[in-house]
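So the protein lines, in turn, are chains A and B. Just so we're aligned: 448 in our numbering is position 299 of the first sequence, and the numbers increase by one with no gaps anywhere. Just so we're aligned: 297 in our numbering is position 148 of the second sequence, and the numbers increase by one with no gaps anywhere.
Source of the hints: derived by calculation from the structure; they are not laboratory data. Hints should not be assumed to be uniformly reliable.
[Said to hold, decoys possible] Below are the BS3-like pairs computed for lysine-lysine, each with C-alpha atoms no more than 30 Å apart in a straight line:
#, chain 1, residue 1, chain 2, residue 2
1, A, Lys300, A, Lys270
2, B, Lys365, A, Lys439
3, B, Lys399, A, Lys438
[What the hints assert, rightly or not] Simulated restraints on C-beta separations:
#, chain 1, residue 1, chain 2, residue 2, range
4, B, Lys387, A, Ser357, 39 to 47 Å
5, B, Ser342, A, Lys281, 40 to 48 Å
6, B, Gln432, A, Glu434, 20 to 28 Å
7, A, Ser357, B, Ile410, 31 to 39 Å
8, A, Ser289, B, Ser437, 27 to 35 Å
9, B, Lys387, A, Lys438, 16 to 24 Å
10, A, Ser189, B, Asn348, 33 to 41 Å
11, A, Arg165, B, Ser437, 54 to 62 Å
12, B, Gln229, A, Arg404, 50 to 58 Å
13, A, Lys281, B, Gln432, 35 to 43 Å
14, B, Ala309, A, Lys388, 57 to 65 Å
15, A, Lys438, B, Arg166, 24 to 32 Å
[As the list claims (entries may be wrong)] From the derived model, a few chain B residues whose C-beta atoms are all more than 12 Å from chain A:
#, residue
16, Asp168
17, Ile170
18, Glu206
19, Leu222
20, Lys250
21, Glu268
22, Lys286
23, Val290
24, Lys352
25, Asn363
26, Thr384
The C-beta atom is built at its ideal place from N, Cα and C for all residues, glycine as well.
Each chain, letter by letter, is given below.
Protein chains: 2
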Amino acid sequence: MAVKIIECVPNFSEGRRSDVIQQVVDQVRATEGAVLLDYSSDADHNRTVVTFIGTPEAVAEAAFRLTAKAAELIDMNVHQGGHPRMGATDVIPFIPISGVKMKDCITIAHQVADRIANELKIPVYLYERAAKSDLRKNLSVIRKGEYEGFKDKINDPEWAPDFGQAVLHPTAGATVVGARPALVAFNVNLDTSDVTVANRIAKKVRESSGGLKNVKGMGVMLEDRNIVQVSMNMTDYKKTALYRSFEMIKMEAKRYGVNVIGSEIVGLVPMDALIDCAGYYLQLEGFSKKNQILERRLQG
Amino acid sequence: MAVKIIECVPNFSEGRRSDVIQQVVDQVRATEGAVLLDYSSDADHNRTVVTFIGTPEAVAEAAFRLTAKAAELIDMNVHQGGHPRMGATDVIPFIPISGVKMKDCITIAHQVADRIANELKIPVYLYERAAKSDLRKNLSVIRKGEYEGFKDKINDPEWAPDFGQAVLHPTAGATVVGARPALVAFNVNLDTSDVTVANRIAKKVRESSGGLKNVKGMGVMLEDRNIVQVSMNMTDYKKTALYRSFEMIKMEAKRYGVNVIGSEIVGLVPMDALIDCAGYYLQLEGFSKKNQILERRLQG
Numbered sequence: 150m151a152v153k154i155i156e157c158v159p160n161f162s163e164g165r166r167s168d169v170i171q172q173v174v175d176q177v178r179a180t181e182g183a184v185l186l187d188y189s190s191d192a193d194h195n196r197t198v199v200t201f202i203g204t205p206e207a208v209a210e211a212a213f214r215l216t217a218k219a220a221e222l223i224d225m226n227v228h229q230g231g232h233p234r235m236g237a238t239d240v241i242p243f244i245p246i247s248g249v250k251m252k253d254c255i256t257i258a259h260q261v262a263d264r265i266a267n268e269l270k271i272p273v274y275l276y277e278r279a280a281k282s283d284l285r286k287n288l289s290v291i292r293k294g295e296y297e298g299f300k301d302k303i304n305d306p307e308w309a310p311d312f313g314q315a316v317l318h319p320t321a322g323a324t325v326v327g328a329r330p331a332l333v334a335f336n337v338n339l340d341t342s343d344v345t346v347a348n349r350i351a352k353k354v355r356e357s358s359g360g361l362k363n364v365k366g367m368g369v370m371l372e373d374r375n376i377v378q379v380s381m382n383m384t385d386y387k388k389t390a391l392y393r394s395f396e397m398i399k400m401e402a403k404r405y406g407v408n409v410i411g412s413e414i415v416g417l418v419p420m421d422a423l424i425d426c427a428g429y430y431l432q433l434e435g436f437s438k439k440n441q442i443l444e445r446r447l448q449g
Numbered sequence: 150m151a152v153k154i155i156e157c158v159p160n161f162s163e164g165r166r167s168d169v170i171q172q173v174v175d176q177v178r179a180t181e182g183a184v185l186l187d188y189s190s191d192a193d194h195n196r197t198v199v200t201f202i203g204t205p206e207a208v209a210e211a212a213f214r215l216t217a218k219a220a221e222l223i224d225m226n227v228h229q230g231g232h233p234r235m236g237a238t239d240v241i242p243f244i245p246i247s248g249v250k251m252k253d254c255i256t257i258a259h260q261v262a263d264r265i266a267n268e269l270k271i272p273v274y275l276y277e278r279a280a281k282s283d284l285r286k287n288l289s290v291i292r293k294g295e296y297e298g299f300k301d302k303i304n305d306p307e308w309a310p311d312f313g314q315a316v317l318h319p320t321a322g323a324t325v326v327g328a329r330p331a332l333v334a335f336n337v338n339l340d341t342s343d344v345t346v347a348n349r350i351a352k353k354v355r356e357s358s359g360g361l362k363n364v365k366g367m368g369v370m371l372e373d374r375n376i377v378q379v380s381m382n383m384t385d386y387k388k389t390a391l392y393r394s395f396e397m398i399k400m401e402a403k404r405y406g407v408n409v410i411g412s413e414i415v416g417l418v419p420m421d422a423l424i425d426c427a428g429y430y431l432q433l434e435g436f437s438k439k440n441q442i443l444e445r446r447l448q449g
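Make a model of the complete structure from these sequences and hints.
Here's what the structure looks like:
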């Protein structure tokens with residue numbers, strides 16, 4: 150029997166004050182059964198992304214404690230940053246890693262949402278696989294208007310929160326909680342400094358404008374290298390593998406006489422997301438990811 | 150303290166009669182402390198590759214029992230197959246996996262070789278890291294002449310066995326036992342039925358005839374598919390990655406107007422051997438196999 154492990158990647162609205170960041174992240178460190186894997190703060194975005202794993206119970210507890218501490222220390226009325234946001238703890242996704250199904254993560258999401266609404270008086274919206282309607286699946290649709298706009302938006306009956314009263318928390322705003330598959334942040338670099346090329350290619354590759362399903366993307370200028378990048382979120386690498394967006398970018402880039410010169414993975418990647426790419430390029434026949442990877446067999 | 154685990158990958162000379170294959174493999178299943186991970190039979194090669202792990206004592210015991218059963222059920226005088234072979238149990242490598250050093254595997258190899266020679270009356274040669282001279286490091290040098298040729302070769306004083314008398318076992322031939330790092334059995338298929346093409350390409354790719362270091366290879370006919378294959382052992386995938394031999398075969402195949410149509414990995418492969426290929430083809434920059442693979446972080 151595989152150990153039950155869930156991953157949680159909360160984003161909170163502080164990327165500058167290191168004492169605040171530490172106190173929030175410490176909530177994860179202090180929760181028994183939760184293991185902090187990574188946290189990354191961006192001063193321009195004024196936002197921190199935390200990654201931790203653990204048993205379902207430990208992950209739920211750590212996510213709640215982190216949200217409570219962020220509500221205590223962050224005032225959205227004075228928050229400014231380049232990234233869209235609507236709450237002190239902006240979004241909390243739960244991700245199945247091993248021994249658990251998506252439905253287990255949905256259950257955890259509902260439990261944590263309920264606790265945040267009742268104990269912290271922060272209204273909560275459910276998103277992605279935990280959403281109760283199709284309209285609320287997409288985080289950017291929910292978050293439209295951001296913290297400032299939500300003072301009105303929350304009074305619209307169509308935008309009543311899934312948990313809690315239709316009253317924005319006076320400093321912490323509102324929080325989005327959900328469940329989703331593991332996501333891979335995958336960026337592909339091009340040998341041009343023209344960001345319009347990256348944007349045009351991103352449009353061809355991403356789902357929203359006619360490209361590959363489960364791919365989000367946009368063009369980004371890398372000022373320090375004077376090149377551009379197609380920056381992507383691969384939101385379901387099992388269905389839409391990394392090599393497919395990579396090859397599609399190569400193909401679209403030809404039109405502009407531009408070449409792919411490299412790629413990067415930001416943060417963590419599940420082993421299978423890369424194994425699938427090796428399988429494609431090596432044209433592997435009859436390979437079993439379940440049975441032929443030595444490390445997986447050693448775990449029993 | 151890591152648990153002491155050794156891997157053993159014996160190859161025995163039966164890939165067609167499933168009752169024989171089962172009885173031989175059952176010897177591993179019946180040995181307490183040994184865990185059968187995989188076995189893979191090839192009818193063309195008329196050969197089965199077994200992979201199991203366990204404590205040093207259990208692995209040594211299972212290897213001996215498997216050799217005894219193969220000697221009982223396989224008659225090399227009537228054996229035919231595409232793969233070079235000299236005994237019913239052709240070769241038994243011991244591989245350090247965790248908590249053990251190469252020298253521990255060498256010790257086990259010598260103990261098992263001694264038992265096979267004394268109890269089963271099968272002469273044994275030591276190879277790779279367990280070899281007692283440089284001349285016997287290379288399996289293909291030891292095995293040259295194969296079972297049929299060994300009736301004479303064993304009488305050459307230069308080729309006296311390392312354990313046992315210089316007398317070939319009447320049905321089981323001779324066995325090669327050794328210790329080595331983990332290797333990957335990697336085969337690349339070509340869209341031709343001309344085995345001379347596969348052999349010529351194998352010569353270009355393998356170390357022994359001017360190709361890539363840490364690559365052994367030969368051409369093999371796949372009768373049932375009417376195609377040929379470059380069958381390789383990648384003996385140190387950390388230094389010589391799979392994609393390098395794969396791309397070299399593609400390049401050499403062009404000369405003959407032949408195409409690579411697929412590949413296969415036989416048995417188990419360490420995760421990093423495939424991650425390295427994904428990294429090459431995706432042109433990954435700054436990727437850390439140690440820190441960015443989720444499963445590796447889960448183990449702490």
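Hints the structure violates: just list their numbers, smallest first.
5, 10 and 11
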